Each structure stands twice: as structure tokens, then as C-alpha cells.
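In terms of the working numbering, the sequence shown opens at residue 3 and continues consecutively.
Calculated from the structure, these hints are not laboratory results. On a predicted model such as this, the values are computed, not experimentally measured, just so you know. By construction, the Cβ of each residue, glycine as well, lies at the ideal position given by its N, Cα and C atoms. No false leads were mixed into what you were given.
What follows is a set of in silico ranges between Cβ atoms, one per label pair, in the way DEER data are often shown:
| no. | residue 1 | residue 2 | range |
| --- | --- | --- | --- |
| 1 | 143 | 115 | 37 to 45 angstroms |
| 2 | 33 | 97 | 32 to 40 angstroms |
| 3 | 32 | 105 | 24 to 32 angstroms |
| 4 | 63 | 136 | 15 to 23 angstroms |
| 5 | 63 | 121 | 32 to 40 angstroms |
| 6 | 97 | 43 | 29 to 37 angstroms |
| 7 | 144 | 50 | 29 to 37 angstroms |
| 8 | 96 | 116 | 30 to 38 angstroms |
| 9 | 142 | 117 | 38 to 46 angstroms |
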Amino acid sequence: MSIFVDADGCPVVDLVIRHRQGRDVFLVCDTAHQMIREGATTITVGQGPDAVDYAIVNRMKRGDLVVTQDFGLAALVLARGGFAIDQNGRQFTNDNIDLLLHTRHVGQQIRRAGGRTKGPKKRTRDADRSFEESFRTLVQTSM
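Could you build all of it, start to finish, from the sequences and the hints given here?
Printed below as a string of C-alpha cells:
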């Protein structure tokens, strides 16, 4: 199993590398968010809508793990037989992805109509701990 990180704005890159348990880690980002981390391979793609998402989906294999906060990418990963987890430790599954995609769609409709929706909460240490626990469990059970 390889681990792919949707690294544009991902707050848990260092945690993924620290807890990778010998797995290959690929940080996928666009040219506006280039990053280099020891213990990971960086894949840089051109800027564009969903460019990073498509790069991940085209490189991943069945059983690979993807760290992303993008519900659309998570749905594609699940469809290809992969595992997906967000930066707060929530695992995306076939049981929850439809509701998450629907929620995203409703939020987009509200914003297009001129309305506002809540943004993400400020990141906490509890969120990091939750991610670490879920990530380690997912990597161990996917061996």
C-alpha cells in the first residue's frame, strides 16, 4: 500500500510521514504549493481545477490510501478500491460518501445564490490526535 496526500493546504503532512510505517508516501501538489519533505516523494502537477485530484487518481492502485479533505476525490478513490481519510481522521466509506457529496452540493448551491456557509474550524491538537489514531489504525488494518 502506498500513501498519497492531497498536499495543497494539508495540515497533517508531517504526521503522515511520521506514522507511515514503512509505506511510500507521495505528496501531490500543484506548482503554487510546492513542498519537499524528507521521507516522502513530491509529485508536482500544473495548476488547474482538480489537477491534483486527477494526478492522484491516475497514480493510485487498489488498496492505496489517500489523505484528502476533498469529498469528490474521496469518492473517486473509493470507486477505484482505495481508502480515503480526511485531516481530522474521518474515514470516507461507501456508507458515508453519498451524504457528504450531497452536503457539498447543497453548500455550493447556497453560495451560488449569494448565501454564506460556515468555514472550517480552527485546527486543534485534538484534531491532530484524532487524525493520528485513525491514520495508524487504517494503515495497520490495511497491511
